[in-house]
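Add chain B to chain A, keeping to what the hints say.
One letter stands for each residue in the lines below.
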Amino acid sequence: MTDSSITNDRAVFLVDDDVAVRRGVAALLSAAEYETTTFKSGEEFLSALPDLELANAVMLVDVCMPGIQGLELQEQLNKDGVDLPVIVMTAHGDIPMAVRAMQNGAIDFLQKPFTVDEVTTALERALSVSPRRQSPLKDASPELRSHHQSLTPRENDVFREIVGGNTNKEIARILAISPRTVEVHRQKIMSKMEAENLAELVRMAVTLNIGE
Amino acid sequence: MDKDERRSLGDRFVDEILDTVETPIALLDGDGSILRFNHACETLTDYNENDVVGKKVWDFLIIDDEIEAVRQVFSKTQTENVPTHFTNYWKTKGGKHRLIQWSNKTVRMPKSSTVGVLATGVDITHLKSVEHSLKESQEYWRSTINASPISIITINDSGLILTFSKAAEETFGYSEKELVGQNINVLMPEPHHTRHDDYIRHYLETGEKRIIGKARRVKAKRRDGSTFPAMLHVSEFSDGIRIFVGFIEDLSEKEEIEQRLDETNFQLRHADRVGSMGEIATSIAHELNQPLTAAASLIGAVSIRLKKGECPECSQSIPLLNDAVSEIRRASEIIQQMREFVRKQKTAKSLYDINKVVEDAGALAIIGADADGIEVKWEMTPEAGEVELDRIQIQQVVTNLIRNAIDAMQGAPNRVLKISTARDNEYITVSISDTGPGLENAVKNKLFEPFVSSKENGMGVGLSISKSIIDAHQGEIIATNQKSGGCVFTFKLPAGANDRLVNHE
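Here the protein sequences come in this chain order: A and B.
Using this note's numbering, the first residue of the first sequence is number 1, and each one after it goes up by one.
Using this note's numbering, the first residue of the second sequence is number 1, and each one after it goes up by one.
Extracted from the complex, chain A is given alone in its bound form:
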């Protein structure tokens, strides 16, 4: 978290159907000095959209809601040409959903419940690509590509399965190797790819078109 960069004109649109989540996350965000507006559904957000100031703003949206779901809301914004970076919130372990969201153009994903660091890092990254959101995910950097090329074929298999949302145990079964070996591969992959966490690894996978 970079305290020095915090200014007061950063806005977060929080869309979640759960009142306690809206209240809790809003408390966190305002403590972290983001101007936060909450919406209880995708429909409510869409109807308020014409009056919203989108510059320096990020939408933080739950993927699993009644009515318009997070992914649909995101697609709707894409279709309408609304230029707003999107971060989706998923349940822990729902990597396939996160991958789909990011393929749809989401900047990032957060697994609920999240820590202060996780949410602020994600928001800062999203805001850095705003306002003219030219998704940094569209093109993989030569550096990322060379990292990826340094993976062995087996590591690449494991990488694919991780991004597919499988646990070590499941990957072990699918690839017919031991869970310990999977864990070794996983750590090798993280270090070769220079990914700090799973979310970053998934982001890289989407950039590299892995998991299509």
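Do not rely on the hints blindly, as some may be mistaken.
What the hints assert, rightly or not - Restricting the straight-line Cα-Cα distance to at most 20 Å, the calculated cross-link-like pairs of lysine to aspartate or glutamate (DMTMM-like) are:
| # | chain 1 | residue 1 | chain 2 | residue 2 |
| --- | --- | --- | --- | --- |
| 1 | B | Lys349 | B | Asp390 |
| 2 | B | Lys308 | A | Glu118 |
| 3 | B | Lys307 | A | Glu118 |
| 4 | B | Lys308 | A | Asp18 |
| 5 | B | Lys308 | A | Glu75 |
| 6 | A | Lys40 | B | Asp390 |
To be verified - Reference excerpt, derived from the structure (chain A facing chain B, CB under 10 Å, subset only):
| # | residue |
| --- | --- |
| 7 | Ala20 |
| 8 | Val21 |
| 9 | Gly24 |
| 10 | Val25 |
| 11 | Ala27 |
| 12 | Leu28 |
| 13 | Ala32 |
| 14 | Cys64 |
| 15 | Pro66 |
| 16 | Ala91 |
| 17 | Phe114 |
| 18 | Thr115 |
| 19 | Val119 |
| 20 | Thr120 |
| 21 | Thr167 |
Stated by the list, open to error - Selected chain A positions facing chain B (Cβ under 10 Å, derived; list incomplete):
| # | residue |
| --- | --- |
| 22 | Asp17 |
| 23 | Asp18 |
| 24 | Val19 |
| 25 | Arg22 |
| 26 | Arg23 |
| 27 | Leu29 |
| 28 | Ser30 |
| 29 | Ala31 |
| 30 | Glu33 |
| 31 | Thr37 |
| 32 | Leu54 |
| 33 | Asp62 |
| 34 | Lys112 |
| 35 | Pro113 |
Don't read these hints as lab results, they were simulated from the structure.
C-beta atoms are modelled at their ideal positions from N, C-alpha and C, and glycine is treated no differently.
Just chain B, lined up with the frame of chain A:
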């Protein structure tokens, strides 16, 4: 009385005897022509002696097929000068055939100085037909016994086998030939093998019926030594000697089917429970994750604010709050794992014949449908073929859909349950349709969500479990109302889903 008088008296006496006895007697001349034809012969054939004297027997009395044989016997009797026995038919004046057993004896003919034949017969026509019908009736019973799918074995009061039916031969692996005369105990495992003779003795001495007249489950032994469960029923009858009849039904196939049904039922119930648990876990995971997220965020908010403060108490509290968030996160992960446990369970997937899978589950699910007045129509496409699936899970879906369909038709005037399979290039399709009231629009949208039920006692997890299962098979499940009324649930499975490493997209 002189010699001639005595002679003519003797002739008359012979005539008298010949015409009194009921035995057909004929005297034939050396060339086979009739000299005497007694009253019994007349009665037998309806010919008068006067009409036939001088005629050769084979010219009118013998049936065509036997003429040659009769002539041979006649000449044999003459030439070898020995009595012969021969059985042949005589043709009556009216054309009827009588079977006569003849004793032939040679007679020297003083007039023609040739050798004639005296034939004495017994009419055995009637005897023969009784014998024949007895034989026929025996054959009839034998065929009946052999046609029985139940093994039928008779034994005498020493326990020795008298007859052994076709079904018994097939069931036990012995032929009747090798077992007749053997002790019945070769068909029994111990301890009955050793004790059976005592069982019979006990019954003969005391008259106490331990097994006769009662059906009893027993173990029977085949020729190869293997045993099988059987239902045994013993009856007794007397045919001069006491005879015991054993009726033995091989239960092994029946029990195997019952056992398989039991197993399928058990597995389905188990899967049902695990599935419900998983579905509840999924819902709980989502519902519980929300307050956990709220709590973690609130703690996050507090720790940010504390960080801005300058008090030493504050900075000491921050790590504690971070720990609290970690614990909340751990709680969330535990719940998620519960959910993943079922959602991700890619258990025993292998290639199965979809028709067989559907039929097996269907057979269980429709139990009792008859009683509800429901007509079940199976429309299985034989070409539907094989598909890679988890049998238990797919059967759970089929069972669930069929039970729903049956429930939906309670009180409907027309009750037809249709179960069908189909296949095109991409998908194998299974459809279950009913003629109930159909789906209300309000329910239709939430049909596959957990805890949504239109049933009074429903938990509302059945269809959501079905959906998770079909999703896990990269398939699709949809519900539509039919124009003709009622609704149809259809699920599709990728026909070529043989690749386990299918992507999630």
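Unsatisfied constraints (hint numbers, rising): Violated hints (numbers, rising): 4, 5, 6, 31, 32; every other hint is consistent with the structure.
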